[in-house]
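2 protein chains.
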Amino acid sequence: MLNDKQRGLLDKPAFAKLVTLMPDGHPQATVMWYRRVDDTIRMIAPASAAKSKNLDRDPRSTIVVDDPESGYSYVELRCECEVVHDDQAARDDLFHIASRYIGDRASEFVAGLDEAPRVLFIFHPFRVQGQIRD
Amino acid sequence: MLNDKQRGLLDKPAFAKLVTLMPDGHPQATVMWYRRVDDTIRMIAPASAAKSKNLDRDPRSTIVVDDPESGYSYVELRCECEVVHDDQAARDDLFHIASRYIGDRASEFVAGLDEAPRVLFIFHPFRVQGQIRD
Chain A
193 MLNDKQRGLL DKPAFAKLVT LMPDGHPQAT VMWYRRVDDT IRMIAPASAA KSKNLDRDPR
253 STIVVDDPES GYSYVELRCE CEVVHDDQAA RDDLFHIASR YIGDRASEFV AGLDEAPRVL
313 FIFHPFRVQG QIRD
Chain B
193 MLNDKQRGLL DKPAFAKLVT LMPDGHPQAT VMWYRRVDDT IRMIAPASAA KSKNLDRDPR
253 STIVVDDPES GYSYVELRCE CEVVHDDQAA RDDLFHIASR YIGDRASEFV AGLDEAPRVL
313 FIFHPFRVQG QIRD
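Chains A and B, in that order, give the protein sequences. Taking our numbering, I'd label the letters of the first sequence as residues 193 to 326. Taking our numbering, I'd label the letters of the second sequence as residues 193 to 326.
If you're looking for bench data, these hints aren't it; they were derived computationally from the structure. Take these hints with a grain of salt, some might be off.
Repeated chains share a single entry, so a pair holds when one copy, or any two copies, can fit it.
SDA-like, lysine to any residue: derived pairs with alpha carbons at most 20 Å apart [said to hold, decoys possible]:
hint : residue 1 : residue 2
1    : LYS204    : GLY263
2    : LYS204    : PRO260
3    : LYS204    : ARG252
4    : LYS197    : PHE301
5    : LYS245    : VAL276
6    : LYS204    : PRO317
7    : LYS197    : GLY322
8    : LYS204    : SER262
9    : LYS204    : TYR264
10   : LYS197    : ALA237
11   : LYS245    : ARG325
12   : LYS197    : ARG249
13   : LYS245    : GLN321
14   : LYS204    : ASP259
15   : LYS245    : GLU261
16   : LYS245    : GLY322
17   : LYS245    : HIS288
18   : LYS245    : ARG270
19   : LYS197    : ASP248
20   : LYS197    : ILE294
21   : LYS245    : PRO260
22   : LYS204    : GLU261
23   : LYS197    : GLY295
24   : LYS245    : VAL302
Keep in mind it's a predicted model, so treat the numbers as computed, not measured.
With the hints as constraints, model all of the structure from the sequences given.
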């Protein structure tokens, strides 16, 4: 599904723009930390967040990641999202996600989270587009 | 609608992530040049592009702009889009849009465009969210 260039871009500490669908069908977009695992993308969020409720109701979602070094390089992933309602699994994954952005401070960051239950999003892309400049 | 901080972010030569809805309702996202005019956002695209067809059919759209200097600052605009089918108006606007990104090379850029008809998108936000760090 993903080629080497796309994997290379996705493995940078870039920010994902996650798009979900509100109950009325209007797209909602937020900026998120994430990590790639094989051909899937993982993120976590509070179970009570609008995006979590949206994905529980409708798994159709789209992710854009643009290169922090050049806005002319980006990848768009159209996905179905699997929402894992397992607070511990989400917190465990967050450590790996946060390490991409804040390195050694990740465990302190995860330990400092409030107690509101988290969910783990596993995005399965079925269509990949975009452009990556050399 | 927009406050000074949001206008300040939007006036940077940042890249907009434009979300439209495919015929089946799945969100489509692309990375775009744009400019702000008062409380609206303008972009242009080929009339034949998927995003143009999507916006012709369904004006519901969402724009995210994140700060090129910090992914932790961003603004999300939920919009209704007015699609102006006027090739000359679109090309005239593109000059102003392109000037934000490539300065003096904008007129050469516009002159070098192929002849495929362009449309002008005027996005009217009805809800603005996000976070802007100082």
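To see whether the hints hold, each was checked on the structure:
In the homo-oligomer, the alpha carbons of LYS204 and GLY263 lie at most 20 Å apart both inside one protomer (13 Å) and across protomers (13 Å), since each shortest distance falls under that limit. In the homo-oligomer, the alpha carbons of LYS204 and PRO260 lie at most 20 Å apart both inside one protomer (8 Å) and across protomers (15 Å), since each shortest distance falls under that limit. For the identical chains of this complex, LYS204 and ARG252 are neighbours neither inside a copy (25 Å) nor across copies (31 Å), given an alpha-carbon limit of 20 Å. For the identical chains of this complex, LYS197 and PHE301 are neighbours neither inside a copy (30 Å) nor across copies (28 Å), given an alpha-carbon limit of 20 Å.
In the homo-oligomer, the alpha carbons of LYS245 and VAL276 lie at most 20 Å apart inside one protomer (12 Å), although the nearest pairing across protomers, at 35 Å, exceeds that limit. Taking identical chains as interchangeable, the C-alpha atoms of LYS204 and PRO317 lie at most 20 Å apart only when both belong to the same chain, with a minimum of 18 Å there against 31 Å between chains. Taking the closest pair of Cα atoms, LYS197 and GLY322 come within 20 Å of each other only inside a single copy of the chain (11 Å); across copies the shortest separation is 30 Å, beyond that limit. Both within a single protomer and between protomers do LYS204 and SER262 lie at most 20 Å apart by alpha-carbon distance, with minima of 12 Å and 15 Å respectively.
In this assembly of identical chains, LYS204 and TYR264 lie within 20 Å of each other by CA distance both inside one copy and across copies; the values are 15 Å within and 16 Å between. Taking CA atoms no more than 20 Å apart as the test, LYS197 paired with ALA237 passes in neither setting, with 28 Å inside one copy and 26 Å between copies. Taking the shortest alpha-carbon separations for LYS245 and ARG325, neither the intra-copy value of 36 Å nor the inter-copy value of 26 Å comes in at or below 20 Å. In this assembly of identical chains, LYS197 and ARG249 lie within 20 Å of each other by CA distance neither inside one copy nor across copies; the values are 33 Å within and 34 Å between.
Only between protomers do LYS245 and GLN321 lie at most 20 Å apart by alpha-carbon distance; the minimum there is 18 Å, versus 26 Å within a single protomer. Proximity of LYS204 and ASP259 under a CA criterion of 20 Å is satisfied in both settings, with 8 Å inside one chain copy and 17 Å between copies. With identical chains, the CA atoms of LYS245 and GLU261 are never at most 20 Å apart, being 33 Å at best within one copy and 31 Å at best between copies. Taking the shortest Cα distances, LYS245 and GLY322 sit within 20 Å of each other only across copies (18 Å), while inside one copy they are farther apart (28 Å).
For a Cα distance limit of 20 Å, the shortest separation of LYS245 from HIS288 qualifies neither inside one copy, at 24 Å, nor across copies, at 40 Å. Taking identical chains as interchangeable, the C-alpha atoms of LYS245 and ARG270 lie at most 20 Å apart whether they share a chain (19 Å) or sit on different chains (18 Å). In the homo-oligomer, the alpha carbons of LYS197 and ASP248 never lie at most 20 Å apart, since the shortest distance is 31 Å inside one protomer and 33 Å across protomers. Proximity of LYS197 to ILE294 under the C-alpha cut-off of 20 Å is found in neither arrangement, the shortest distances being 24 Å within a copy and 26 Å between copies.
Taking the shortest alpha-carbon separations for LYS245 and PRO260, neither the intra-copy value of 29 Å nor the inter-copy value of 29 Å comes in at or below 20 Å. In the homo-oligomer, the alpha carbons of LYS204 and GLU261 lie at most 20 Å apart both inside one protomer (10 Å) and across protomers (16 Å), since each shortest distance falls under that limit. Taking the shortest alpha-carbon separations for LYS197 and GLY295, neither the intra-copy value of 24 Å nor the inter-copy value of 30 Å comes in at or below 20 Å. With identical chains, the CA atoms of LYS245 and VAL302 are never at most 20 Å apart, being 22 Å at best within one copy and 43 Å at best between copies.
In this structure, the earlier hints numbered 3, 4, 10, 11, 12, 15, 17, 19, 20, 21, 23, 24 are contradicted, and the remaining ones agree with it.
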